[in-house]
Amino acid sequence: MARIGVFLCHCGSNIAGAVNIPEVAEAARRLPQVVHVEDNKFTCSDPGQASIQQAITEHKLNRVVIGACSPRMHEATFRRTVAGAGLNPYLLEIANLREHCSWVHPGQVEEATAKAIDLVRKAVARVAWQEPLTPNQVGITRRALVIGGGIAGIQASLDVADAGYEVILVEREPSIGGHMAQLDKTFPTLDCSACILTPKMTMVGQHANIKLMSYSEVEDVSGYIGNFRVKIKNNSRYIDVSKCTGCGECAKVCPVELNSEFDENLGKRKAAYIPFPQAIPNKYTIDKRGYPPCRVACPAGVNAQGYIALISQGKFKEALEVLRRTMPFAGVCGRVCTHPCEQDCERGKVDQPIAIRTLKRFMADYELKAGREKATPMERTKEEMIAIVGSGPAGLACAYDLVRQGYPVTVFESAPEAGGLLRYGIPEYRLPKEVLSNEISYIQELGVELKTNTPVKNLTEIFNDGYKAIFLGTGAGISQKMGIPGENIPGVLHSLDFLRQVNFGVKVSLGSKVAIIGGGNAAVDAARVARRLGVNEITVVYRRSRAEMPAIPSEIEEMEQEGIKIQFLAAPVRVLTEDNRLTGIQCIRMELGAPDASGRRRPVPVKGAEFTVDVDNVIIAVGQGVDKAMLPEGLDYTNWGTLSVDPVTLQTNVDGVFAGGDVVSGPADIISAIAAGKEAAISVDRYLRGIDMKEGRPETVKRVEEVSKAGVRPKARHSMPTLELGKRKGFDEVELGFDEKTAVEEAKRCLNCAVCSECRECEKVCEAEAIDHEMKDEISEEDVGAIVVATGAGVLDHTQFSIYGGGVYPDVVSSLQIERMMSAAGPTGGEVLRPSNGAHPKEVVFISCVGSRDERTGSGYCSKVCCMYMAKEAIMLKEHDPETHSYIIYTDARGPGGKIFEDFLTRAEKAGTTYMRGQIDSVARQDGRLLISGQDFLTNETFNIPADLVVLATGLMPNEDAARLFQTLHISYDSKNYLLQAHPKLRPVETATDGIFIAGCAVAPTDVPESVAQGGAAAQYVLKLFSQESIEAEPMTSIVDIARCAGCLLCRQVCPFQAIEAESLRDGRTVASINESLCKGCGICVVACRPGAIKLRGFDDQQILAEVMAL
Amino acid sequence: MSAEYQPKVIGFLCNWCSYAGADIAGTSRMSYPQNIRIIRVPCSGRVDPLFVLKCFQRGADGVLVSGCHPGDCHYTEGNYHTRRRFALLREFLDYLGIAKERLRVEWVSASEGQRFAELVSDFTAELTKLGPRSKI
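From first to last, the protein sequence lines stand for chains A and B.
For the first sequence, this note's numbering assigns the number 1 to the initial residue and increments by one for each residue that follows.
For the second sequence, this note's numbering assigns the number 1 to the initial residue and increments by one for each residue that follows.
Pulled out of the complex, with its shape left as it was, chain A reads as follows:
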């Protein structure tokens, strides 16, 4: 039997002014189970609370209803009141008569009173169903997490740490300091910002109680006050901070330069960098953003950005070393690769892709010209002998990787010389034999044994000879037949045979007219070789159109320059003879039909459109195939006649025998063969070591995502110099390559997509051996008891304000930019210079409220600090150069608050700054200066001020990704991403979530003193928490009635906190069981439970329905 007491609060006139309290009291008296009703002017005051306690004792009340302000305001207060009288604090219900009633229905006394009566009746009905709840006492982890290393976070960290508790300070950037570190001087004292900030930063860095996690981010937070569990991701710096001494040698040799964010894009930094000299931690960071597109596109994973970055610095030898980390064919691939890297090159989105292939070639040519030093043989660290069959690109790449791992490798080659199609297919004018031989010698010098004139027909023999693993890279070296009548008569040649003979040095006699059938590289090679053998008339006959020709486009172009014609959309039908002598070919016109399996449109003969071409020879180049006769027995083949292998490990059906290149893929390109050789090398090594061959393969790589093209001026790609047509008689190389100057210029066009290019020059100079390019991001878990969020705010991007010339004229700068210029450690060495011409500005105009107080352009709020910083900057400009004169065009100029702030503005005026109240109409260029036109509000006149520099006082704006962090923490934020305080007046550094505190610009625009104060205040709340023995856990958690539970466990599926587990009862039944500590009391499970077995204490169905029924 409940004995309910109803206490109505007047709240001065806040409630009483709009609600007729006596009427409500009267109605309350008539409610069931209500035994006492009283009203009070200010119930939350001491006398008010005492009155409640007295009533409880006097009238033996066992339930309390208070009609007052929002429970979010004083529920905690009144719970304490009730507990003070010996009543369980959860036997209390508050009717919100103020925020939800009197304040929103002013002047409607009748309606507001009726509503108040309803609300009280509802509360009374509910409270009757409330049960006493006892919160559990939980322990507190006395460690704090501070998120954000700006001045607010630094202050909070120091205050908690100095009190003797451990603090984890997480900062996203490589250094703490935030925006304050970017400032030159601070208002109103004109202290040097770095001078007052760095001592605090150093204290943080050295404090025994502070664990500084820089370059880190908070990934996940779970738990509750006193017991948070946090996941923190430590981003890889690729530098071990425990070893780095901050010497900076790495930055000196780093070839990649980009705009410095700290210097607001006015200066440069390297990929290996420290954001500013006084950074804490004073360690370098390597900015690496993934793999560049060229590297990802290359089947063999060649790091083109790496060697290009070094070429741009003139470090040609080192550049070649970078390439040789992956493969040895700089000269070969640099001439004949199909360059998929160039297809994906990001520079191609600006103008043309970088000439990657030619730069690769340049490195090889440079070394060859200077004379290549003999390579040092690799150390033999393993015993297992490996046999490579075939010395084409696949076999040689495989051998190269394996010998470098210390294996004894032998390459077997059936031909007299090594190289495969590289030597016997590709003509000399494309790939001089000298270049190929040089690179094969290099591989031999490393220790690879080469046995030419040695075909391999029997695998068992090889194994018997002691080899433990075999790689087959025998290629697809036989020409495919067309199957037309007359194909076998003399005079008809197949391209691979033709090219092989010429490359062997055998004299091949051709007539004066030759037709080449086909459109691939073999056809083009055959045609251009025929030209060099003296053939007059050469026609390439291709059955599709130009767009579908698979040969390399530059090759096709050069071929046509050499006078070779192409007959498109035609195919031969039969070879014509007379007296057993080839006279010509009969062809038929083709047209393109529907696409075939390769995706290209299938050529279809046009009926009746035959025609004859007179020729002396026909060279057929329609495809290549695997010569099964050349391969050992016992191997499985695919339907296309190629070797069948496992797609990941490249192992054939025979254990220990691997294969790759054309023999597996069919005719493809060199770089794919090299890639296959390298993959096989991984397999062979793992096979020999007896470890899993498939694990981690294929390797997933992260291509860099966004590559900024901002500020990149178009500059055309350097074209390849070629041999004049008149000189192309013999087999001299046609493409001549770049000279040094061109190579360096072309390399400088590279955008350095991944930023750090992994050239590894830094590793060479780091004496502390601190660099580790294989570093991975680490995730650590920490237990903390309190969290302080001090993530700060950014500044609006001034380049969006084109109406003021931002982003249009270089002499329109942002306030942070001028701070960087004024800073002695900044990009201009402390000189304020016009970005356009580097001269000192004489007239400077400051424009206030850029993006502030204006919803349209930015946000509606005032950014608070701009009036003061404009004054500061004007004063400083005068100090730097007494001949400078500044205008500040303001809307309102305020030095807010007491102290010397207002004086500061006066000081700026006294220093000669002209303050003008008005608006800007336009900023235009005039005679090399800027003309600022506007309206002066005080004199009502227009003004036109010629200026050398315009400074935009851009407003503060929270970082865009701040919302994501706040959602992780489950704290509220507003539409502009500023954090919401628990109460805007009385609880400015707390959030509605117990245990999470906030400080600084993350909450609202603040200046340094306010940020320091708030940081300290937040620390105080943390310490208050830590000073308690234990805290009460929220008792409003859910509980399962196992008698009703059907064991369906739907509740477990919906619980966001994984608080529900299955539990087996002794009778064998499974029921749900809720972990009180993890349960947050949301109640989703209650609704999901079909048998209605779950009760949320404090918000159970009975209680809520009682409210509904009462209304």
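Careful: at least some of the hints might be erroneous.
Not the full set, but computed from the structure, chain A residues with beta-carbon under 7 Å of chain B [as the list claims (entries may be wrong)]: (1) E99; (2) W103; (3) S972; (4) K976; (5) S1077.
Computed, partial: chain B to chain A, Cβ under 10 Å [stated by the list, open to error]: (6) Y5; (7) I10; (8) S28; (9) I38; (10) C68; (11) G71.
In short, the hints are calculated from the structure, not lab data.
Even for Gly, the Cβ is constructed at its ideal location relative to N, Cα and C.
Chain A is fixed; fit chain B onto it per the hints.
What follows is chain B alone, placed relative to chain A:
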């Protein structure tokens, strides 16, 4: 006092966002019609569709269920459950002979006092136009 029809509106507001938003409307002294009676729940995901039906059964003309914006739920996922449950319930209302417009599911954040006030005014006006709900 007027004999005009005044719709009876029940609102289920989540403690962390919507109830706080309604408080802000009060603190900012915004006005809205007095027809609504607010019931506090920890999360909009706590609101059982049966509560809503009970409201209609007991004579409510309109019911408002309000929670945090998707992505901002204090309990991470509660409002997603709300969204789904009430999408389903709205379809059933038609079947029961209750106009769909009488149930509103909205997202109001803790800073959106203005939005809450406008929402209540709008809803009340719409319900006034619809007229009293016939008994089920």
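Status of the hints after comparison with the structure:
no.: 1; hint: E99; result: holds (3 Å)
no.: 2; hint: W103; result: holds (4 Å)
no.: 3; hint: S972; result: holds (5 Å)
no.: 4; hint: K976; result: violated (9 Å)
no.: 5; hint: S1077; result: violated (15 Å)
no.: 6; hint: Y5; result: violated (14 Å)
no.: 7; hint: I10; result: holds (6 Å)
no.: 8; hint: S28; result: holds (9 Å)
no.: 9; hint: I38; result: holds (6 Å)
no.: 10; hint: C68; result: holds (8 Å)
no.: 11; hint: G71; result: holds (6 Å)
Hint compliance for this structure: hints 4, 5, 6 are broken, all remaining hints hold.
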